[in-house]
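Number of protein chains: 2
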Amino acid sequence: MFAEKELLLVPGPTPIPPQVQRAMVRAVINHRSPAYEELFARLQEKLRRIFAVTGEVFVFPASGTGMLEAMVVNFLSPNDPVLMVSVGWFGDRFGEIAERFGAKVTWLKVEWGKAATPELVAEAMDKAPQPFKAVLLTHNETSTAVVNPVREIAKVVKERGALLLVDSVSGFGAMPLPMDEWRIDAVATASQKALMTPPGIGLVAVREAAWEAVKQAQMPRYYWDFRLAREFQRRHQNPYTPPVTLLFGLDAALDLIFAEGVETVFERHRRLRNLLRDGIREMGLELFVPDDAIASCSLTAIKVPEGIHGGDLIRQLRQRYRVEVAGGQEHLRGKIIRISHMGWVHESDILLALTALRHALQDLGWRAR
Amino acid sequence: MFAEKELLLVPGPTPIPPQVQRAMVRAVINHRSPAYEELFARLQEKLRRIFAVTGEVFVFPASGTGMLEAMVVNFLSPNDPVLMVSVGWFGDRFGEIAERFGAKVTWLKVEWGKAATPELVAEAMDKAPQPFKAVLLTHNETSTAVVNPVREIAKVVKERGALLLVDSVSGFGAMPLPMDEWRIDAVATASQKALMTPPGIGLVAVREAAWEAVKQAQMPRYYWDFRLAREFQRRHQNPYTPPVTLLFGLDAALDLIFAEGVETVFERHRRLRNLLRDGIREMGLELFVPDDAIASCSLTAIKVPEGIHGGDLIRQLRQRYRVEVAGGQEHLRGKIIRISHMGWVHESDILLALTALRHALQDLGWRAR
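Order-wise, the sequence lines are chains A and B. No gaps in the numbering here: position 363 of the first sequence is 362 in numbering that gives the first Met the number 0, and each next residue is one more. No gaps in the numbering here: position 266 of the second sequence is 265 in numbering that gives the first Met the number 0, and each next residue is one more.
Intra- or inter-copy, both count: the list cannot distinguish identical chains.
Calculated lysine to any residue pairs in the SDA-like style (CA-CA distance at most 25 Å, straight line):
#, residue 1, residue 2
1, K103, P80
2, K103, M218
3, K4, Q236
4, K4, Q20
5, K103, S76
6, K4, R21
7, K214, G101
8, K103, N78
9, K214, P77
Derived from the structure by calculation, the hints contain no laboratory data. Please read these numbers as outputs of a predicted model, since none were measured by experiment.
Let's have the full structure, built from the sequences with the hints guiding it.
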């Protein structure tokens, strides 16, 4: 009876606004019809606007991981030297994919819970025996709830003439990332995060200035081929069947974002983060990322108090209070929980999350200071 | 006002039953939760049942083309000799993908509108300078509305020890393809065809006996990697975020198919095909595939009468009668129209399609015999 009473605060999929849900109930249409071309033309404009890019925004039936692979195979050639700026578990996929496809990956490893810095990136680039073709960077690291200073790192990378490819799967739409202004060559994200749409749409934006690199890349590709996608997108179509009902949803979700105002959406995410972080501190709990300057605005990681297992806490929150949050990965498993505030999330949700967290901890024997 | 009055008879996306549409309106759930694991376990069972396979059915956020790429990179290694049985435009993608990834593809070309035969395949395999690692075969060719005799070809291929990889994107669910019984190593399809679900889910079934080949394959892969997918599927999860709302839909769609009975669904498709073909002949129009023995049960191609352009006919059907059909590809552009009868299609839809076709042709100046 209460299954759909759930407050979904995991870092994707995120809650779907009813306006978006209703938009997806429309009957499916032929993706080779004028009705689809009209939808897709409109969507392309909105996407270029939200990515703040002159260039293409490619839309694939895929998850975020697929979009990381798409960037790898469309920008790189086997044996290309690339720098992977590693700050956590999710971002590392990007480097692993590049390795699988034969790039020579140098790993710049930053301790989990910390952000990369422009100085570290500059140093790694300057001491490399040969110039890197590309730098692979995570905008928002979902496993640690850290945000990287992309703007400053972009400056360093572009001064040194490398491509900058950014995984912003869990950051895009929650925090600024103006592509043209910051000179980011490509950004990947997916529908089920701050874009408030069910999972199934992968997105990659490519700056016009980076297109030459796509033409030169030699990695084997068919499904992800941006060259083919660009040909089709110019006539407002896709090379193969797009997820039309999800695109109906994305179209409606972007309208909601523009109606609120993109800058206002960013501010809301920052405000929700602050509300959550203040509440956590007041409760006497510890934040996994104490430094506000690098704390993500799309999700927050909280240390689970000693003596309690994160898995039990997540179960208690789910079963008794119907608040769904995420745990930690790898060595953080059981040690942190992660609460998302990306997308269709409101102050009231954060208040419920905080009070449910307090109750669930108390249920498990924890006593507030 | 009448936008959703449309009768969608293109070979994908196909019409969505209201039961499936309603199932997808459920709130999105966490894909790392017991609720999802329960859904996915149930879905895996249903999928194994409909593929009639002992083995795995992989579920990807993707289109059918993605699933062709998935078969190529999970079964083949660069320089592997493979035979592409080419009977039309869509099936040929499979061979093109294999070439892009470095396989050595031999093309067995059959005239468009004809089917491949076991004899042709046997001959091509026997005269090859080195044994083929795999045969790539289209079950149902969407560009010509021809169905290949997969059962008989499978016998020939398996006797010669090659892998048989089948593109059944537009055939699966409409015509029999029991994998274990026919010894087909892998079959790819997608949600938006006979499976009556919106586009966005790609499916590949792999027979248990073919798993060794997956382990030996050397093509670069990450997103499509069946080894990783298998690890996750064993605990009823996916390596990355699955398209959960579409999976709600697929779950409901499979229930509808099992309720009707899989064999009854096949019979219905055959009956609809016959009804349509009889009506076309009675009207004095020509079928692109005159031979009933190789005429697809999932869609039918009809020659556009001389003096009329296919594009005009499609527009007239769309604008005046709200019946949406497809045109021809390549040299068949403007010369044929294709009417799908796959998925949620009923006798009444075929009757409307036939009468709307007659009216649209008359509008364009055609007079029936």
